[in-house]
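Those protein sequences? They're chains A and B, same order as listed. The numbering of the first sequence is the working numbering, which starts it at 7 and goes up by one. The numbering of the second sequence is the working numbering, which starts it at 5 and goes up by one.
The set of hints was computed from the structure by calculation and includes no laboratory data. Just so you know, not all the hints are guaranteed correct.
To be clear about the criterion: a stretch of chain A counts as covered by chain B if any three or more of its residues have a C-beta under 8 Å from a C-beta of chain B, and this derived list gives those stretches [what the hints assert, rightly or not]: (1) 171–185; (2) 211–219.
Listing some non-contacts, in silico: residues in chain B with all C-beta distances to chain A over 12 Å [unchecked claim]: (3) Gly104; (4) Met107; (5) Pro157; (6) Asp163; (7) Glu180; (8) Tyr227; (9) Arg267; (10) Ser299.
Derived pair list, reagent style DSSO-like, types lysine-lysine, alpha-carbon separation capped at 27 Å [claimed, not checked]: (11) Lys187(B) x Lys79(B); (12) Lys201(A) x Lys172(B); (13) Lys70(B) x Lys109(B); (14) Lys95(B) x Lys70(B); (15) Lys109(B) x Lys95(B); (16) Lys201(A) x Lys109(B); (17) Lys201(A) x Lys95(B); (18) Lys67(A) x Lys57(A); (19) Lys79(A) x Lys67(A); (20) Lys187(B) x Lys172(B); (21) Lys186(B) x Lys116(B); (22) Lys201(A) x Lys116(B).
Glycine included, C-beta positions come from ideal geometry on N, C-alpha and C.
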Amino acid sequence: MNNRTKTGDPRILMKRLLRLMLPFAFIMLFIAWIVIPMGYSVLWSLVDPQKGWNYPDLLPKGLALTNWEYVIKHTKIGSAMGNSFFIAICTTLLSFLFAMPTAYALGRRNLRGKQIFKTAILLPMILPGMAMSIYVGRVLYYMGFSGTYTGVILAHTLIGIPYMLRILVVSFESMPQDILDAASNLGAGPWVRLKEVYLPMLLPSVVSGSIFTFINSMEEFTMTFIIGLPAVKTLPTVLFTYLGEGFSQTRASVVSLILLIPNLALLMIVERCVKTEYMGAALGKM
Amino acid sequence: MTQGLRVQNLTKYYGDYKALDDVSFAIEGGQFVTLLGPSGCGKTTLLRVIAGFLECDQGEVYFGDKLINDVPPNKRDAAMCFQSYALFPNKNVYENIRFGLRMRKVPPEEHKERVEEAMAMVNLTGLGERRPYELSGGQQQRVALARCIVVRPQLLLFDEPLSNLDAKLREKVRVEIREVQKKLGITAIYVTHDQAEALAISDQVITMSAGCIIQNAPPRDIYDRPNSRFVADFVGTANIVPCRILERTGMEYLVQSPYGELRAVDADCDLPAGAEGYLCIRPEDLLPSGKGESSNQICGAVRTAVYMGNLLDMFVDIGTEQIRASIAKDWNVTEGEAICFRVAPDKVRILGG
Chain A
7 MNNRTKTGDP RILMKRLLRL MLPFAFIMLF IAWIVIPMGY SVLWSLVDPQ
57 KGWNYPDLLP KGLALTNWEY VIKHTKIGSA MGNSFFIAIC TTLLSFLFAM
107 PTAYALGRRN LRGKQIFKTA ILLPMILPGM AMSIYVGRVL YYMGFSGTYT
157 GVILAHTLIG IPYMLRILVV SFESMPQDIL DAASNLGAGP WVRLKEVYLP
207 MLLPSVVSGS IFTFINSMEE FTMTFIIGLP AVKTLPTVLF TYLGEGFSQT
257 RASVVSLILL IPNLALLMIV ERCVKTEYMG AALGKM
Chain B
5 MTQGLRVQNL TKYYGDYKAL DDVSFAIEGG QFVTLLGPSG CGKTTLLRVI
55 AGFLECDQGE VYFGDKLIND VPPNKRDAAM CFQSYALFPN KNVYENIRFG
105 LRMRKVPPEE HKERVEEAMA MVNLTGLGER RPYELSGGQQ QRVALARCIV
155 VRPQLLLFDE PLSNLDAKLR EKVRVEIREV QKKLGITAIY VTHDQAEALA
205 ISDQVITMSA GCIIQNAPPR DIYDRPNSRF VADFVGTANI VPCRILERTG
255 MEYLVQSPYG ELRAVDADCD LPAGAEGYLC IRPEDLLPSG KGESSNQICG
305 AVRTAVYMGN LLDMFVDIGT EQIRASIAKD WNVTEGEAIC FRVAPDKVRI
355 LGG
């Protein structure tokens, strides 16, 4: 073995080179896929409208904050952002409240038709958003929730629940029964089991489920558009007004960057705060 | 001394499968009792019924004189050590051990002292701040044991607690478990499929098969006076062959078997002359002796002899049957050699079906 590597067999050298290069290549590809569009949207948001950015130029001729100023001054982007956050937070909470007991039942109880139900809850993820929105909009209209925050939150929750539920069901399923038995064996009632055993071990899943639900709600357009407008405006609806008739790439870039910032910040904070070791530790050493 | 435990006519079904079949036994306070049996024999089910994690379909469980069938597991005064340790991964060692005290509303000012006392008892002093995953398997099981004894329960339950440990450590923790249990005088029920472990640790061994208790006796009796082929075969190794009883006077028998005509003294057998049964001889009860030198001999030719270090383990052909013998390690035998063993009549056991 050692002899062959020492002789510098070209095939082995090639393999080594590949082993070094392959991850690098993937990282580059990833960067190209994510960072280049992002970079362009930053540039677009900073284009100086006096000078413009036209075909042969690789970079804009001049940069200015004019578009940012315009968007912040002349649109209700501030209140739209507030709305987005409010709706996203409510959606996440509501999804959590709905998903917890359902996930418990699906993950830890032996129910008839469990598999069918598990598939059914994924439907909102699979159905085309527009089709869903139209029917859900109908239902909410009859219920008198059209154009209200409640309506929008309910609609967003419908879309958000599958994410939350799917993740929670899996982690409920993988929770070791022994630990729960040990807790009740030592005298813990249902409430203590929930608070001290289930929740700490589910925390990583709750967090990742919440991130999905939150971001999903922040970015949801069709539901908000059909149910909420004109009363309820969120960041995506503002963004889409620039993508519609009065298409303005520069201002759309500003709005999409604004939409991006809170989500990124949230992701980073959460990644730092949450220790994902609990479940792994519980399952790992058995 | 804590109270004992009594189980009466327990029956438990999983669907159509009868996991426990009319199981009854009683344990005196302070005793260490092992439930021994192959996997699927119902021993863990029985333990879980006693702990309250499972409900039985029929029968009663008494702690002392108190019927506890309808008492939920968190109100039963029993503490259990699991095979998987089942420590709370999000709590450190100290909090894991303290958990039971908090649940049982022990005044907080006593916690520290009691937790430290329990930790000292299982040699964990100084590890209070560690998280479970930072500990070795042996340490984790000690934490689990400390978590149980700190609440000073009526009953300690062990569900194959040593199965995940390596052989050396298993022996060490086994001794620790037994010492702690003796010191505190807590009644203990210990589930295992390891017969050597069962013999080594218990006051009483309850051997189970297919949901039934086969024999409930002290370790010596389980090994020396098995009441059935199953127990003889499951506990230790045994040469078991069919036999026919030729003569019987009191508890002395003359039997005809593939090993030849043998005399046996067996106080527990109730088979009459002429009956068919099984003959059971432990390999270590066979002693090499010159042909014709003594009575009650079994003679054959050595098929294989394996030097095990502490003994010589051999298989000897006797007609179409084989017999296994464990003899002193200093013997030298060659394969194919003719050899005779003598066996004391009281070491020959006669068993019914």
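Find the nearest Cβ of chain A to the Cβ of Glu180(B) and say whether that gap is larger than 12 Å. holds, 20 Å
Keeping to a limit of 27 Å between CA atoms, is the pair of Lys201(A) and Lys116(B) held or broken? holds, 23 Å
Hinted pair Lys79(A) and Lys67(A), Cα distance within 27 Å: holds, 25 Å
Holds or violated: Lys187(B) with Lys172(B), Cα cutoff 27 Å? holds, 23 Å
Next pair to validate is Lys186(B) with Lys116(B); report whether the Cα-Cα distance is within 27 Å. Holds - the C-alpha atoms of Lys116(B) and Lys186(B) are around 24 Å apart, at most 27 Å.
Just to be careful, I want the Cα atoms of Lys67(A) and Lys57(A) compared with a cutoff of 27 Å; is the pair within it? holds, 6 Å
Stated coverage of the region 171–185 of chain A by chain B [criterion: 3+ residues, CB within 8 Å]: As far as the region 171–185 of chain A goes, the hint holds, because 3 residues have Cβ atoms under 8 Å from chain B.
Is the nearest Cβ of chain A still more than 12 Å from the Cβ of Arg267(B)? For Arg267(B), whose nearest Cβ neighbour in chain A is about 52 Å away, the distance exceeds 12 Å, so it holds.
Pro157(B) non-interfacial with respect to chain A [C-beta, more than 12 Å]: Violated, since 9 Å does not exceed 12 Å.
Between Lys201(A) and Lys109(B), does the CA-CA distance stay at or below 27 Å? holds, 17 Å
Is Asp163(B) truly not at the interface, in the sense that its beta carbon sits beyond 12 Å from all beta carbons of chain A? At roughly 9 Å from the nearest Cβ of chain A, Asp163(B) sits no farther out than 12 Å, so the non-interface label is violated.
Verify this label for me: Met107(B) is non-interface relative to chain A, using a Cβ-Cβ cutoff of 12 Å. violated, 3 Å
In this structure, the hints that do not hold are numbers 2, 3, 4, 5, 6, 12, 14, in rising order.
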